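Number of protein chains: 2
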Amino acid sequence: MNGAESLIKTLVASGVEVCFSNPGTSEMHFVAALDEVDGMRGILTLFEGVASGAADGYARMAGKPAATLLHLGPGLGNALANIHNARKGNVPMVNIIGDHATYHLKYDAPLTSDIEGIAATVSADVHCSQSSGDIASDAVNTISAAGRNKVASLILPADVSWNDNPNELPAAAPISVPQPVDEARIAEALELLRSSDKSMIFVGGDTVSAELGHQLSRVAQHTGSRLCLETFPTRVSRGAGRAQMEKLPYLAEMAIEHLKDVDTLILLGATSPVSFFAYPNVPSVLQADGCTVFELATADHDLLGTATAMVEALGADSLAPNVHPEQIPPAPSGELNAMSLAQSLSALLPENAIVVDEGATTGLACYPYTETAKPHDWLSLTGGSIGWGLPCAVGAAVACPDQKVICLEGDGSAMYTIQALWSMVREDLDVTVVICNNQKYNILDLEFTRTGARGGVPGEKAASMLDISNPSMNFVELAQGFGMQAKRATTAEEFHQFFSEALQERGPRLIEAMVPCVQIA
Amino acid sequence: MNGAESLIKTLVASGVEVCFSNPGTSEMHFVAALDEVDGMRGILTLFEGVASGAADGYARMAGKPAATLLHLGPGLGNALANIHNARKGNVPMVNIIGDHATYHLKYDAPLTSDIEGIAATVSADVHCSQSSGDIASDAVNTISAAGRNKVASLILPADVSWNDNPNELPAAAPISVPQPVDEARIAEALELLRSSDKSMIFVGGDTVSAELGHQLSRVAQHTGSRLCLETFPTRVSRGAGRAQMEKLPYLAEMAIEHLKDVDTLILLGATSPVSFFAYPNVPSVLQADGCTVFELATADHDLLGTATAMVEALGADSLAPNVHPEQIPPAPSGELNAMSLAQSLSALLPENAIVVDEGATTGLACYPYTETAKPHDWLSLTGGSIGWGLPCAVGAAVACPDQKVICLEGDGSAMYTIQALWSMVREDLDVTVVICNNQKYNILDLEFTRTGARGGVPGEKAASMLDISNPSMNFVELAQGFGMQAKRATTAEEFHQFFSEALQERGPRLIEAMVPCVQIA
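Line by line, the protein sequences give chains H and L.
Going by our numbering, the first sequence opens with residue 1, and the numbers climb by one from there.
Going by our numbering, the second sequence opens with residue 1, and the numbers climb by one from there.
Read the hints as simulated data drawn from the structure, not as lab findings.
As the structure is a prediction and not an experimental result, all values here were calculated from the model.
Errors might be hidden in some of the hints.
[Claimed, not checked] Far from chain L, some chain H residues (derived; all Cβ distances over 12 Å):
id, residue
1, I175
2, D182
3, D402
4, T490
[To be verified] Below, a list of computed lysine to aspartate or glutamate pairs in the EDC-like style, where the Cα atoms sit at most 16 Å apart:
id, chain 1, residue 1, chain 2, residue 2
5, H, K461, L, E36
6, L, K487, H, E477
7, H, K487, L, E477
8, H, K106, H, D125
9, L, K198, L, D263
10, H, K461, L, E17
11, L, K461, H, E427
12, H, K487, H, E501
13, L, K461, H, E36
14, H, K461, L, D263
15, L, K461, H, D300
16, H, K198, H, E257
17, L, K440, L, E460
18, H, K461, L, D35
19, L, K198, L, D289
20, L, K461, H, E246
21, H, K461, L, D38
22, L, K461, H, D35
Ideal Cβ placement from N, Cα and C applies to all residues, glycine included.
Looking at chain H on its own, in the form it has when it is part of the complex (with noise of 0.2 Å):
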């Protein structure tokens, strides 16, 4: 058996299945070997950005991690960005990076590069492979320190992967359980929340589960609090019959002014509120002053294990949650913009459905819209990088192919990682794209404004800047370039029925919506 085949065993023992690759002649043993051994499944894509992406979004849906597959240096930094939001949002992933052979190194071929430098930047744990006999206990390592909420990288170096390993196999890699947090910090909590009328439990964490927000529902109607997400949840369980929570604001302004009342913070999962970019003569910290803040439990916590214990503690056991009714409009008509699209998503959102959201301006409406709906999985980009969106619901219908995906995606946003396509085709993937083109980076327009730059009104080069209307895409071209069946859009009845008809079928489709810019300042 060489490193390479020791490699993937170890990896599929340890529960690693599907591996999303892009190889390069480094990587070509590892190629080989997935037709040598049983139990992983490579999915190529035509960019590495595309794996990194969907990696995260397996991971999410899947609560454990996948592999990428990425070729020395620049084979990673293309992956960076979708690593970056996969490592804000607590969610884990096992990047194997091909490197030249241990001996070549020191010639610096054109490809050498520095990828434990570049690894390092979004990792917990790296770690470059000396032996094709260490292979496997290194992969170990990798996957224990992946864990159910961390990115971890191995480097691979090409004779690694040929040479034999002659050691046995090692024991897979043990399941992560995270734990909850002890009795005295929930106990400390609980009398922090009981001794203020103007109390919040803020939420994030890996995932917030149906089971997670109806005991903090509780928890919060027992203590009086008001139950809060963060501003982007890595995957929230929502719509009918979950659990009511507020979710904070984007805008630093709007934030401030939802924090104002709180003078006691609880965090589970959640990290401290703060703004996402700076302005000018706006606060970093959105809390009010001389507000507490108090980390109950941090995402590598068992968040729904202390939040029963906190139920328990309370005897809140037998509170019904105060969870969403089921409410679901009617089909909209007349112009396609932000609200009737929003208001088709909610009236059309099947049970189960999983949404990957990328929206932008155009998708802020439809998270509230969406309360109410049938209930559904919500993932949100949590590092801020966008080229995230079509790459995740490549990942999440991987990991649930009996679960619709629908992707909101921004035109702008589209554009970073738009080869995902092609994988949805290749795959057979049941993705309904959702592209809102308003031909424009409108959150740009917005933040330009916000930044008081120029007195907030950009001039005639700034503003070439923030827009894409010159060329205008056509992304129904675009998707059929990709193999992919396309519509557009342009009224509100269209949209309703192109959207009606990608739902009632199985598979990859894309509906280009025309939608004005939102206004929101």
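We have chain H; now place chain L onto it with these hints.
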């Protein structure tokens, strides 16, 4: 004047007049400053890999760096692969990377990232500016560090952009002037060349100009040496009237054969030849055992000055360089394949054209076939990271608006940075893109065999990782989706006609050449 304005003034004063940009919120004051300060051309790209590749192409042709404007660590990550290619090709680049405001970093907002860590892996110099009063002098240092052939990166926190710069602007960065090597070293090299009848001058560096080629031809003739170009030259002036030079083959086995009789290798701007990848049982070092390798000049030296000094020392000024005659082939007919495509290229190549070669296996025939075409410049993929060609063509066309740019592009490579087509249309660049569509990562098929993995024969899963025919991509539809005129050619006659039309018109055109896979092994 705020920090951003003083930065742009300093860039322009130092000759950095083009900025390939993907701005985000943290860069809005820089964007605003484009209207407040004269002389900077901002060129929007849809993806940072296009920006860095375009900066590479611009610098190769302009002989001075462009700037990139990137959005924090993830934006830099997206740009990294093409920065790597520039670095390996001795191409200068000035990266301006926006960051959070200095006081905001400690809150670890979602886009907070280790920018310095990432930049350090590809930059000769990295600096994070700490105040608006320093940013202009920091920029002078960064531009100086980039000089004529290095990558340098300047991190620009948002508050450094927006706060006032109370200081006088510093003097512009001095123009970097390379030095020829000293006389003693030249004498040593000449002695080595004269004392061997199996010597070779191996040339590389950032530009092999017509003049440099002519001088080296004189030296080679006078000393009875061979003259050989490195495998992937950054920029070489070639065609009719240019010096005849060998080129070291890509495949290690062929390169070893090419060098086997050489006992004295004189390096001029090139590094010692090594195998591009390692393969089991193939040496990394390509020259014969016992061959004397003498590094006469690095890429940092004045290569033309060095060669001229050699000619003078030899008294060889009056020797006529050994140049290619002009031999223009007729139009091809029949099957469209690598050979007939190369024949069309050679027949139609306009004088002073710039050929950007990322044509992979199909492009291999084009280089030798165009030796006797009209004189032109040829740019190669220097760092081995694919997704360079289309962006490089953008930059080359911006630098040289009066020269036709021809981009030979593989289908697999094209998909890494296909967004470059949009920038070609937006800027109305005079680029003809030829997509060599064989629906395969054909180079990897070859490399699979060469690595000997699985006896050189891919299994079903491995074969699927090398195949991009399912679904097949349609580059005409993709181009049209970006607003670009495009045609598909399936015969040699069609290709010749479409290519001829594209060359006679001005502006961006794409031709999808449907070609069979080249069989190399």
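Here is what the structure says about each hint:
Every C-beta of chain L lies more than 12 Å from that of I175 of chain H, the closest at about 27 Å, which supports listing it as non-interface. Every CB of chain L is more than 12 Å from the CB of D182 of chain H (nearest about 25 Å), matching its label as outside the interface. The claim that D402 of chain H lies off the interface holds: its Cβ sits roughly 23 Å from the closest Cβ of chain L, which is beyond the 12 Å cut-off. In this structure T490 of chain H is separated from chain L by more than 12 Å, as the shortest Cβ-Cβ distance comes to about 17 Å.
As the CA atoms of K461 of chain H and E36 of chain L are separated by approximately 10 Å, the hinted pair is consistent with the 16 Å bound. The suggested pairing of K487 of chain L with E477 of chain H holds, with an alpha-carbon distance near 14 Å, which does not exceed 16 Å. Between the alpha carbons of K487 of chain H and E477 of chain L the distance comes to roughly 14 Å, so the proposed pair stays at or under 16 Å and holds. For the hint pairing K106 of chain H with D125 of chain H, the CA-to-CA distance comes to about 24 Å; that exceeds 16 Å, so the pair is violated.
This hinted pair checks out: K198 of chain L and D263 of chain L have alpha carbons roughly 6 Å apart, not beyond 16 Å. For the given pair, K461 of chain H sits about 14 Å from E17 of chain L by alpha-carbon distance, which is consistent with the 16 Å threshold. For the given pair, K461 of chain L sits about 13 Å from E427 of chain H by alpha-carbon distance, which is consistent with the 16 Å threshold. For the proposed pair K487 of chain H and E501 of chain H, the alpha carbon gap of about 11 Å is at most 16 Å, so the pair holds.
About 10 Å separates the Cα atoms of K461 of chain L and E36 of chain H, which keeps this hinted pair within 16 Å; it holds. A C-alpha spacing of about 58 Å is found between K461 of chain H and D263 of chain L, which places the hinted pair above 16 Å, so the restraint is violated. Using a Cα cut-off of 16 Å, the hinted pair K461 of chain L and D300 of chain H is violated, with the two alpha carbons roughly 36 Å apart. Restraint check for K198 of chain H and E257 of chain H: the C-alpha separation of about 14 Å stays at or below 16 Å, so the hint holds.
A distance of roughly 15 Å separates the Cα atoms of K440 of chain L and E460 of chain L; the hinted pair therefore holds under the 16 Å criterion. With a C-alpha separation of about 6 Å, the suggested pairing of K461 of chain H with D35 of chain L holds against the 16 Å cut-off. The suggested pairing of K198 of chain L with D289 of chain L holds, with an alpha-carbon distance near 14 Å, which does not exceed 16 Å. Between the alpha carbons of K461 of chain L and E246 of chain H the distance comes to roughly 47 Å, so the proposed pair goes past 16 Å and is violated.
Using a Cα cut-off of 16 Å, the hinted pair K461 of chain H and D38 of chain L holds, with the two alpha carbons roughly 11 Å apart. Under the criterion of a C-alpha separation no larger than 16 Å, the hint pairing K461 of chain L with D35 of chain H is consistent with the structure, at around 6 Å.
Checked against the numbered hints above, the structure violates hints 8, 14, 15 and 20; every other hint is satisfied.
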